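Given the structure of chain Z, go ahead and fit chain S onto it with the hints provided.
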Amino acid sequence: MPLTLRATLPGGQILTCFAAFALTLGQVFVAAQTPPAATRFHLSHAAMGTEFTIDLYAKDQSTAEQQANVAFDEIDRLEDLLSNYRPSSELSRISRDAGNGPVVTDPETFQFLERSLFWSQRSSGAFDITVGPLLRVWGFYQHGGRVPLDTELKSLRDSIGSEKITLDEEHRSVSFKNHHAMDLDPGSIGKGFAVDAAVRLLREAGVQSALISAGGSTLYAIGAPPGESGWIVKVEDPRSTGITAATVLLKDTSLSSGACTQKFFIKDGHRYCHIFNPQTLRPMEGVLQSTVISPSATDSDALSTVVFVLPPEASRQLLTSMPNTEALLFRGPTPVSDCIAINWQGQPCSPNHSSSKSPSQEKGN
Amino acid sequence: MISRRQFTQSLSALAVSASTGVLNAATEASSIEAAETDAARQIAPAKDSSPFRLGIIGAGSRGQELIRSFLRVPGVSVAAAADVYEPRFAQLNRICGHEVAPHKDYRALLDRKDLDAVIVATPLGLHGEHVVAALSSGHHVYGEKVMAYTVEQANAIVAAASENKRIYQIGHQYRYSPWIRAAVQRVQQGEIGDVTHIIGYWHRNNDWRRPVPDPSLEHLINWRLYHQWSLGLIAELGSHHMDIANWVFGEYPEAALASGSICRYHDGRETDDNVQAILSYSGGRRFIFTSITDNAKMGDQLWLYGTKGSLNLTLQDATFFYEPKKITKPVVAANGKDEGVVTSASYNPSNEMPYRGPGKPVDVSTAEDPTTAATRAFIYCVRTGTSPIADAKVGLGSALGVIQANESLRLRKEIPISSKA
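Heads up: the protein sequence lines correspond to chains Z and S, in order. Using the numbering used here, the first residue of the first sequence is number 182, and each one after it goes up by one. Using the numbering used here, the first residue of the second sequence is number 14, and each one after it goes up by one.
Derived by calculation from the structure, the hints in this document are not laboratory data. Quick caveat: nothing in here was measured; it's all calculated off a predicted structure. Please note: incorrect hints may appear among the correct ones.
Stated by the list, open to error - BS3-like mimics (lysine-lysine), calculated; alpha carbons at most 27 Å apart, straight line:
#: 1; chain 1: S; residue 1: Lys-178; chain 2: S; residue 2: Lys-126
#: 2; chain 1: S; residue 1: Lys-321; chain 2: Z; residue 2: Lys-358
#: 3; chain 1: S; residue 1: Lys-178; chain 2: S; residue 2: Lys-60
#: 4; chain 1: S; residue 1: Lys-310; chain 2: S; residue 2: Lys-350
#: 5; chain 1: S; residue 1: Lys-338; chain 2: S; residue 2: Lys-321
#: 6; chain 1: Z; residue 1: Lys-345; chain 2: S; residue 2: Lys-60
To be verified - Rough simulated footprint, nothing fancy, chain Z against chain S, three-plus residues with beta-carbon under 8 Å:
#: 7; segment: 105-115
#: 8; segment: 377-383
Yeah, the Cβ is synthetic: ideal placement off N, Cα and C, and Gly gets one too.
Only chain Z is shown next, with the shape it has when bound in the complex:
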């Protein structure tokens, strides 16, 4: 199986090339940029309801810890800023007060909301940070799960929908058109936002080779391991345990996945997914996993939900205008079980493609 390199060049263009060439090119870059004595360290930190990890190359453990701590501190800061579980967060303040009138916020939070609304608009509402009440009424905040009555769902209509949020760029303020509190949920974009911020600080701290992971659902690769042309990332085929659907070499770009394989509940034999269709107010059905590659972790995180919720043709149409972005979607088990690749380099959906080979074996292809 050919292994393709995803790398973002300055200006955001993605460099794609086949592994044989990429390895040669990568070795030239690495020889010039990474100290030969660099050692790989793996560091982890609990935040945002998951475990963030950083694999990075540094000259010693102390340096690795200092560099990783800068990133982890930044992730903690953004959790304080955006958590909807913490009443003291800036996002909670906005959720609580913006129904009473405009709430002025800081540029960073405003930018977060702008990007969130951008993806809501681009996805025709498939992505929506106002779904907090849905997760609450379906019992996902309590880690239990329940099926609400139709009347309960109907009563939430006035509390859900990004079109109810007004952003005033001149005054940097947020207000809600429905004039009452809302429940903004950063769950489908916040981890990506935090990863981007951590990446920025790691680069400023001089890190040239690192892989940042937000619980495995959003990844960003800074540079490549010494002697390699990218960080190896395997995308599992959710239809078959242990089977790798695609293996990519990630370099200076991000990859995010959305899946119903971990966060769900089963009621009367039916599996209810934690990813919602804001239009129907119900959990998504018939989609197993989405994976998106994009230069921005914020965007790949949001787009993994967009692609999960939109019909495949709508996703294809949306991503057509984003040449730097790739998506891989698995549907099933009913009504259809299939694999859909959009802009994806390689052929992960071809019948003979799936592989469980180890990365070292694949690199020999």
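Here is chain S on its own, set in the frame of chain Z:
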């Protein structure tokens, strides 16, 4: 210069009566309510959105966080910054979303006539110089804690604020936390009886270092690790807890006893990587602070111990716990006849076990970030000419505890505390 007596008088709204018996209960309750009404007014969402231009001296990590909070106040913008480390300007521009006028010399920033207030967030050893200069040049100041590196400098700041009739607010943002205010008010009203001991933990598990792009920048970036600018963990972490102890006990501490060592990070640092400090208050009351940097089990939390219960304070919540009642009801013998008592083994190990059940959380409707509330309150105070909750007297109180605890740590003996240098 403010004496302890003056400070105590100025805080008559607080729990002074518990130890002095000066105020009667009605007056005390009324004063507490008045103080809370004033605090609520300062913390309330801003209605005024008139332009307000800030300058900042010291745009490092804490300064940047303050800027983020200030930019949540309607009308506030950042016009100028002073820093000796060039990369800070680009970082600040990114946070503000526009170019902020850079100054390499803080005096050039203070010469500007277009600033409504100045933030001082430089290393501690520079607070005295920068804050006094800012106040003396006619600027209102939001100053990061600790107020100053020496008692002389702290007194100079108190004097400069008073003489120039400028507002000075110290960065003790815990005083602006809705849940901490609500909890302390209940303590002042006697909910956990007489508070005799407060224990503050701030335990971390990291080396407190920042990455240094070039070895020549070590002291500039990791200033907290060197005596020239830093009073170490007692200052950077313990000062917040000391301020709460002063608030709850209603007075400045009388003496400080501290110890510390470098037991984990033998990396050339000068300030200790673990400290223990005891501040003494009137009536034998004690505040105890501990900070270690190689185990984070305890995190950042305060425990207030009273005769009727305990209060746990964190950066996200406050929780009350209550002592078992010692007297349940009067014993009435049946038919006036004493039935006697039944003997048993006296040893009951559960009596000495720590309580591991739930507490009673303090419920507040607006549990916003304390720094966001504190910065908004500062803008309110400048716009309206109101004296801040965390004013110079509050700043002096915790500064005295920090400075003399460090002196005790250095001399290995207890140090009496006086605001007189």
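Hint check results:
Distance hint between Lys-178(S) and Lys-126(S) is fulfilled; the C-alpha atoms sit about 17 Å from each other, no more than 27 Å. Our distance criterion of 27 Å between C-alpha atoms is broken by Lys-321(S) and Lys-358(Z), whose separation comes to about 48 Å. Taken as a hint, the Lys-178(S) and Lys-60(S) pair is honoured in the structure, with Cα atoms around 25 Å apart against an allowance of 27 Å. With a CA separation close to 55 Å, the supplied pair Lys-310(S) and Lys-350(S) exceeds the 27 Å bound.
Straight-line distance between C-alpha atoms of Lys-338(S) and Lys-321(S) comes to about 8 Å, which keeps the hinted pair within the 27 Å bound. Using a Cα cut-off of 27 Å, the hinted pair Lys-345(Z) and Lys-60(S) holds, with the two alpha carbons roughly 23 Å apart. Given as covered by chain Z, the segment 105-115 of chain S passes the check, having 3 residues with a CB less than 8 Å from a CB of that chain where 3 are the minimum. Note: the segment 377-383 of chain S has 5 residues with beta-carbon separation from chain Z under 8 Å; the three-residue rule is met and the coverage holds.
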